[in-house]
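Start from the sequences, fold in the hints, and give me the full structure.
Numbers 2 to 189, taken from our numbering, label the letters of the sequence shown in order.
Any given hint could be a false lead.
To be verified - For each label pair, taking beta carbons as the anchor points, the in silico distance ranges come out as: (1) D158 - D75: 37 to 45 angstroms; (2) R152 - D113: 27 to 35 angstroms; (3) D82 - N105: 52 to 60 angstroms; (4) P159 - R139: 45 to 53 angstroms; (5) Y116 - D82: 51 to 59 angstroms; (6) T156 - G136: 45 to 53 angstroms; (7) E106 - R67: 45 to 53 angstroms.
If you're looking for bench data, these hints aren't it; they were derived computationally from the structure.
Glycine included, C-beta positions come from ideal geometry on N, C-alpha and C.
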Amino acid sequence: MKRTNICNYCFFIVFMMCIPFFAGCGYHLHAAGETVGVEIKSLAIPMMTSTSSVLGFEGDFTEVIREEFISHSDVPLVPRDEAQMVLLGNIRQIETAPLTYGINETQVDNRDTYYEVTDSRRLRIRLDAKLIDRGTGRVMWEERGMEEKARFYVTTDPLTNRYNEKKAIKDIAKRLADRIYLRTVERF
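Structure (structure tokens):
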């Protein structure tokens, strides 16, 4: 009698474990870089626009976003007039603010004078992005106010400062590109 109860119990456990396999849950795995939901056959990523007061970085920003799609996706990038979908981006705001300070000492009229200098600055970029079906004009997704921040160091050399700021912009562009890529290609 006990052996029958144990067999029934084991059968019940095995049966319960198999139910999810037979029922199916609707969740499907997709290969990385493969679109989920609407199939994207081709994509255009025109030059990002900017309504911020800082200009001249839009090309670098656009290049980073395009590289994200090229390196992770099978969706071909094509000119805008040939694309099924168009990814538009507008950089709304670029803002820098002092982050850390140092104290410098100098002598003026034989008196010690101390003054603060900026050691690092915080760069903040806000971006609006949307994916549009070129054929219908339908907005597939839109996100306003995507924001990322980065820190860069400030020195007495203006060329080094410009290099550090440009590197911070590229770091921010990379993080925003990753978010845009995930929103576009791996949608659930």
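Legend entry - Violated constraints from the hint list, given by number and in increasing order: Structure breaks no hint.
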